[in-house]
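As they're listed, the protein sequences go chains A and B. Residues 1 to 118 in the numbering used here are what the first sequence spells out, letter by letter. Residues 1001 to 1322 in the numbering used here are what the second sequence spells out, letter by letter.
It is possible that some hints are incorrect.
[What the hints assert, rightly or not] Calculated cross-link-like contacts (lysine-lysine; reagent style DSS-like; alpha-carbon spacing at most 30 Å):
1) Lys-1282(B) to Lys-114(A)
2) Lys-1184(B) to Lys-83(A)
3) Lys-90(A) to Lys-1077(B)
4) Lys-1077(B) to Lys-110(A)
5) Lys-42(A) to Lys-1282(B)
6) Lys-42(A) to Lys-1290(B)
7) Lys-1149(B) to Lys-81(A)
8) Lys-1157(B) to Lys-83(A)
9) Lys-1242(B) to Lys-1207(B)
10) Lys-114(A) to Lys-1184(B)
11) Lys-1290(B) to Lys-110(A)
12) Lys-1115(B) to Lys-90(A)
13) Lys-81(A) to Lys-1160(B)
14) Lys-83(A) to Lys-1077(B)
15) Lys-90(A) to Lys-1290(B)
No lab work stands behind these hints, which were simulated from the structure alone.
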Amino acid sequence: MKMRVCMAGLLVTIVAMAVLLAGSPNAAAKAQQPVAATAEVKIDNFSFGPGTVTVAVGTTVVWTNRDDIPHTVVSTEGVFKSKVLDTDEKFSYTFTKAGTFPYFCSIHPKMTGKVVVQ
Amino acid sequence: MAGKTKDELLYDHNNDGIDRRGFLKCMAWAGTGAFCIMQGGVLKSYSLSQMSQMGGKAPAGELSFAQISDSHMGFNKAANPDVVGTMKAAIDKINGLSTKPEFLLHTGDISHLSKPEEFDTVDQILKSAVAKDVFFVPGEHDMLNDDGKQYLERYGKGSKGAGWYSFDKKGVHFIGLVNVLNLKAGGLGTLGPEQLEWMENDVKHLKSSTPVVVFAHIPLWTVYPDWGWGTEDSAQALAYLKKFGSVTVLNGHIHQTMQKVEGNVTFHTAASTAFPQPQPGKADSPGPMKVPAEQLKSVLGITDVNYVRGQHALAVVDSTLA
Chain A
1 MKMRVCMAGL LVTIVAMAVL LAGSPNAAAK AQQPVAATAE VKIDNFSFGP GTVTVAVGTT
61 VVWTNRDDIP HTVVSTEGVF KSKVLDTDEK FSYTFTKAGT FPYFCSIHPK MTGKVVVQ
Chain B
1001 MAGKTKDELL YDHNNDGIDR RGFLKCMAWA GTGAFCIMQG GVLKSYSLSQ MSQMGGKAPA
1061 GELSFAQISD SHMGFNKAAN PDVVGTMKAA IDKINGLSTK PEFLLHTGDI SHLSKPEEFD
1121 TVDQILKSAV AKDVFFVPGE HDMLNDDGKQ YLERYGKGSK GAGWYSFDKK GVHFIGLVNV
1181 LNLKAGGLGT LGPEQLEWME NDVKHLKSST PVVVFAHIPL WTVYPDWGWG TEDSAQALAY
1241 LKKFGSVTVL NGHIHQTMQK VEGNVTFHTA ASTAFPQPQP GKADSPGPMK VPAEQLKSVL
1301 GITDVNYVRG QHALAVVDST LA
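Only chain B is shown next, with the shape it has when bound in the complex:
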């Protein structure tokens, strides 16, 4: 292993000199659709199209998908009077990525008021996505008036309980969780014992080398408890994932991008395609944040995720709509 570099190597899972924190920093420098590699103690970034042209073996089993979140279809207040337009712009952005995503993850608050026409409109907009498969998890705005019955009918086929499920793509294990039902007064998001038990069994027999992606609406780490930005029993869920060398947690709900690395786990929240919300504590409440109209698209966005077999870290890159 190389001697200490300027960015101290703290999490060297691959034993290849890639420090996860440094990796994420490189992502921020490199911009959209890039991949970072540490070579000879130096962080280098390559675009994914470059990588496939590089001398030597092309990485096998590349997986590419995109995350959108918080479309809040039906919202029409000052913060964004045209959530249809901004969601369409997000899909266009995804369709234009250099590496086409194979499928999409929607991390919830699909609708604003759980109205049928709102869900219908989202389905309509998603038809224009090149990626035909979309995997959903609900937000609290999707469970209104009927405790999620409509959500389950539309998006919950094959799921358990309130809509949790898992699936595999090219050796990566995906787990969709629901943490927006049965919320208690004064509380945070909650997974509940039934879902936790299901999750424990779901991952029990997986090899620890399997990369795992968990997606849920409310953040699975405590971003800001005063605003309910956290999940009260997520520690239990994360305990079941301790054995895995690579865990990526993708969330929404807070309408801004945020990242955190803890051991083998990378937490990431996506921007909304509808409206931004203030940073923790920077406003009286976490409501829709108004920005000048010409700036709106720069605070909305999508997330592009790429996995190259053999690399532990998934490359998670955010892009804004502007």
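Looking at chain A on its own, in the form it has when it is part of the complex:
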């Protein structure tokens, strides 16, 4: 009897894992977030959009410059700093710690944004 419950339990687990791995939309509601989560920030018209982005620890934020003028992404606390991004160039940073990370464009310092990591 115990053996059967054990086996059944094991079977359920295997099946559940198989379902998860298959990426089925019916996966358990408590499914974990994808390992490589990303969030997008578009740079356009001298602004970061969205101005504030809230992400989970471990998320990679990708900034893409859609403006016709170069910009940079520079953390005010020195946590991250991009090279200059011309039109269509990208910069990514993976946030491994929780916190609030204000940043700005060092070429046009009136452009500011914030990443909130929870």
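Fit chain B to the known structure of chain A by using the hints.
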């Protein structure tokens, strides 16, 4: 002193009836390469070649130079796909001025992305200028990726700190300032305490009759703070210049001509040789402004500056490329 004329005399530094505001208005009427004088209460303009032919003593120690700005070498978007061509046209224009400038001032954003080949191209184009000496100050586009190391190597010989310096030409004192480094989030241009201290000492012993020309990339007066068009600590710099009877401030950065007179100080911004930008508040952002191709040259330009010894005001005249 004459009685009140239609243009009220507010700044009569020379005690010769020349009102600085009226002077600037005359400049606008007179067009390129003109000099304005108030005689018998009437503003008259003369071309500089006329002046040297006028009866009486020829003015000694004439100084003539030209300002170009914001060449953004490397920019290739819709607002101007040929910044090489328009910069060449600007140099041709300068070479064709009736009074040849002795040297050029470039008020920054020489390159667009601080790339070596962009600086090389500008140097190449400048070789065709009749004026062989060019004095630079950097724009924020010249300090990318390396905090200005490359700019200093190329253009900063003899300068201090991030590239500030001064020199004299025919009794006029020139001060090149750097206000595009260490910009703070949400902030404006900045000079910083080290540069301000240097400047205070640099002008301390000059006679107050010395005409002073200050040139820097970002405007040294607050043109439009929402777009970062100003310098947060310029008031300190201007305080050091209070004693001088004639101060001319030449800036770039905003890609349009603008003038302001405040006491003894005339502020002037130059057009870009690359692309125009919108007037303050007239667009969502201060980015490159597209105009019909046939109008482009009429919104790009150069600035011609002439100084005649004994006159307080420097004659600052803008010309467009078309």
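Okay, the hints, checked on the actual structure:
| no. | hint | verdict |
| --- | --- | --- |
| 1 | Lys-1282(B) to Lys-114(A) | holds (27 Å) |
| 2 | Lys-1184(B) to Lys-83(A) | holds (17 Å) |
| 3 | Lys-90(A) to Lys-1077(B) | holds (18 Å) |
| 4 | Lys-1077(B) to Lys-110(A) | holds (23 Å) |
| 5 | Lys-42(A) to Lys-1282(B) | holds (23 Å) |
| 6 | Lys-42(A) to Lys-1290(B) | holds (22 Å) |
| 7 | Lys-1149(B) to Lys-81(A) | holds (17 Å) |
| 8 | Lys-1157(B) to Lys-83(A) | holds (26 Å) |
| 9 | Lys-1242(B) to Lys-1207(B) | holds (12 Å) |
| 10 | Lys-114(A) to Lys-1184(B) | holds (15 Å) |
| 11 | Lys-1290(B) to Lys-110(A) | holds (22 Å) |
| 12 | Lys-1115(B) to Lys-90(A) | holds (18 Å) |
| 13 | Lys-81(A) to Lys-1160(B) | holds (26 Å) |
| 14 | Lys-83(A) to Lys-1077(B) | holds (20 Å) |
| 15 | Lys-90(A) to Lys-1290(B) | holds (25 Å) |
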